[in-house]
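Novice: First to last, the sequence lines map onto chains A and B.
In the numbering used here, each residue's number is its place in the first sequence (first place is 1) plus 556.
In the numbering used here, each residue's number is its place in the second sequence (first place is 1) plus 26.
What the hints contain is simulated information worked out from the structure, not anything from laboratory work.
Be a bit skeptical, because a hint or two may be false.
[Unchecked claim] Covered by chain B, according to a simulated footprint, are these stretches of chain A (three or more residues, beta-carbon under 8 Å):
1. 594-602
2. 610-622
3. 712-726
Only a predicted model underlies this, so the values are computations on that prediction, with no experimental measurement involved.
Beta carbons: idealized from backbone N, C-alpha and C, even for Gly.
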Amino acid sequence: MDTEPDYAALATVLGLALRSAGIPAGPDRCERLGRALVVMGATSLTELHACALATMVADPSQIEAFERVFAELFYPGTMPRRPPLVAPQPGMSIDADSAAPGDEANRDPAHSADAPAIQRDVPVPVEAPADETGDSGDCEDLAEFPVVRRVASAAERLRQQDFNSLSDAELGQLATLMRELVIAVPPRRTRRYRPRKDGVRLDMRRTLRLARRTGGEPVQIARRAVRSRPRRLVVLCDISGSMEPYARALLQFMYVSSRTAALRGVRDATRPRTEVFTFATRLTRLTPALAAATPETMLARAGEAAVDWAGGTRIGAAVRDFMDRYGVRGMARGSVILIISDGWETGDPALLGAQMARLHRVAYRVVWANPRTQSERYRPEVGGMAAAWPYCDAVVSAHNFDALDDLLAALSAPSSRGRPALPLPVQSPEAAAGLAERDREPVASEPAAAASAVPSDLADHPALESLAHLTGLRPGNPPRLENFRQETPLS
Amino acid sequence: MSSEFPDDLSERFPDVAALTAALGKTGYLAGEQLAAALFLAVRMGQPILLEGEPGVGKTEAAKALAAALDTVMVRLQCYEGIAAAEALYEWNYPRQLLAIRLAEAEHQHLADSDLFSEEYLLARPLLTALDHPGPRPAVLLIDEVDRADDEFEAFLFELLAESAVTIPELGTRKATFPPIAILTSNRTRDLHDALKRRCLYHWIGYPDTGRVAAIIRRRVPGASAVLAGEIAAATSRLRGLELTKPPGISEAITWAGALTVIGAEGLTAGAAERTLSVVVKYPEDEQAVREASLAAVVGDGHRA
Ligand SMILES: Nc1ncnc2c1ncn2[C@@H]1O[C@H](COP(=O)(O)OP(=O)(O)O)[C@@H](O)[C@H]1O
Ligand SMILES: [Mg+2]
Chain A
557 MDTEPDYAAL ATVLGLALRS AGIPAGPDRC ERLGRALVVM GATSLTELHA
607 CALATMVADP SQIEAFERVF AELFYPGTMP RRPPLVAPQP GMSIDADSAA
657 PGDEANRDPA HSADAPAIQR DVPVPVEAPA DETGDSGDCE DLAEFPVVRR
707 VASAAERLRQ QDFNSLSDAE LGQLATLMRE LVIAVPPRRT RRYRPRKDGV
757 RLDMRRTLRL ARRTGGEPVQ IARRAVRSRP RRLVVLCDIS GSMEPYARAL
807 LQFMYVSSRT AALRGVRDAT RPRTEVFTFA TRLTRLTPAL AAATPETMLA
857 RAGEAAVDWA GGTRIGAAVR DFMDRYGVRG MARGSVILII SDGWETGDPA
907 LLGAQMARLH RVAYRVVWAN PRTQSERYRP EVGGMAAAWP YCDAVVSAHN
957 FDALDDLLAA LSAPSSRGRP ALPLPVQSPE AAAGLAERDR EPVASEPAAA
1007 ASAVPSDLAD HPALESLAHL TGLRPGNPPR LENFRQETPL S
Chain B
27 MSSEFPDDLS ERFPDVAALT AALGKTGYLA GEQLAAALFL AVRMGQPILL
77 EGEPGVGKTE AAKALAAALD TVMVRLQCYE GIAAAEALYE WNYPRQLLAI
127 RLAEAEHQHL ADSDLFSEEY LLARPLLTAL DHPGPRPAVL LIDEVDRADD
177 EFEAFLFELL AESAVTIPEL GTRKATFPPI AILTSNRTRD LHDALKRRCL
227 YHWIGYPDTG RVAAIIRRRV PGASAVLAGE IAAATSRLRG LELTKPPGIS
277 EAITWAGALT VIGAEGLTAG AAERTLSVVV KYPEDEQAVR EASLAAVVGD
327 GHRA
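So here's chain A without its partners, still in its complex pose (with noise of 0.2 Å):
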């Protein structure tokens, strides 16, 4: 009771193993089922059970296979028995048992024959209680078993795989846990201003106006404060070969949480108006595809733009055609800039510098993710990086989800101009010599120092063996884009 288990990562590998089994539980389903573990307040498998069924079920022919992950996932080693579908009755002369199911079959899927658990109200692999109160012996704690913590830590290595090594699935369930982060960032003041209780001026004519009512006598204080407005997001990502998986990763990020935001109707100052650019060596401007049904139609979007990534990465020339075509009609002033780029850049670093500077004028803050920046050694030595630097008000990495939270503190705060640029990384004499060779070498091959912090085959893990294989958790091969558009079934 004490330690309540983490239900999103719950519901996110449930959903994963069900969709592995054919159940089309998607993000979605995942997300109201971690709800309604919330609404239960679940602690023991029998309600996880129930919440599960309620909510990743959609037809009695889906039954079957559900018990089977569910208890494969739960019960390892102690598969369901077919329960007796009645009874069974001392002398009883028609076998019911046998006879009923042959003939549910021809009805409905959900009886076939080795369909279990159906007739009962009550799931097999989870002891029934056998009395009729309600009082259910089931005292299990959730959090303390064994699986649940298994699958807590699946979610804990989720959370912590490199972006550059997630399957489509492992994408697609990371969209529940992207779901409950929040991007914001401050709020525009405008000169304008709004009825409010606890504003700190005085609203004279609202307060006359009032006191017409109270014969002329001033009790009602009305006040006003400054009416803020949310400041606009500017989303300019590489898509080129060696950014793809990560830009795959963030790129769903903005598109979940711009349709959170959405849906549940928040519209406070400090939610974004976001706009999203792709770039490898053309600038293509992403923001209607926000609007998608899916992450996945969003994503597949993204591939159609990417068609040029062979061509390099001119990271220089993608700002410099933002700030013309966009920047000069007000897109960048006062604006949240996030630039998701390894800083690769083809073309002349001394463009990039230039049309940094340009931005860094304009724009209220600019951001940098670059997941090569995870290492502790990185440095921006040569290149892009380095003409870039002096115009980031931040650079975060960004290469996982638990990355995820820097860049989320990098948006939001509040602008740090007038303070120095960004302090370069102190750097050791022996390691500047190496780093300056590696800032060359293309993202994928870098050492394993970061790579081995972050165990990515999970297969390797025995108590997850099962897991793994169960939710067809898949570490390796990094998907690209053009993989992901094939794959998209249409919405």
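Using the hints provided, position chain B with the ligands relative to the given structure of chain A.
Specialist: Only chain B with the ligands this time, still in chain A's reference frame:
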């Protein structure tokens, strides 16, 4: 907006056991999982789709929930060709005509806005449920959705998503207390995925003999525990024969009622003989039962 409604209901029903008990008081015996699903529907404000073969208690579940929640139940019975006019609202044309006549007689001018006002609006079940003034949300039973066509499903989907409707002449009406929507289907056809995706789901299976016996005792207080158990077992055996219309819970209840009326103490072959028409509806089914022998159906083998 509706912050006081969940509070109220969450106080009344802090957990599934509390809801199960409240349903039990109304005479409805819900299985643990059905009770949990209903609990979630109430507490999450999410529509729920109940599916199952006829007679397993889908309709009754909605009625019992409304009674347990001490709120009104608004029922929309679906049928082929049902449309918004029957489900949502209609204008009271006769009254409107009358008003026009009256105005003419008095040489008054009637504006459209006078005619298409609240006064002439006939609320049908869906609007009634949306307009329900509280203090708790209404239970909206949309019964046998599978009978309506997919166009109507799409219409329902939107209504459930928004908890609001737009009446062109009157504007948008949003529910202050969004109803607790319970949809039922006998699965004569598959419902649209989009509608299903919006709903929680529970498949009500035919309960085991123990629960059937308990249901019989609730519904027919005159039936003894022994009789109820025997009827439940016999009904389940009948369901094992391949009948055109296998008996369900209602038939078991009616059977118990009939047996109680004729004063039967237990279910003998003779008593079954006299009451068989209550449980088995078709002549060919009756034929099949006789072929399997009534004694076997009532479990006479072990009694004598
Ligand atoms: N769990 C239950 N508890 C009490 N009565 C039940 C239960 N399930 C079914 N019944 C009874 O069975 C009959 C048929 O139920 P009904 O709700 O009309 O079935 P459905 O709508 O699924 O066709 C009703 O008379 C109801 O009283
Ligand atoms: Mg019914």
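Novice: State for each hint whether it applies.
Specialist: Right, here's what the structure says about each hint:
1. 594-602: holds (count 4)
2. 610-622: Satisfied; 7 residues make the cut.
3. 712-726: violated (count 0)
Violation of the numbered hints given earlier is confined to hint 3; every other hint is satisfied by the structure.
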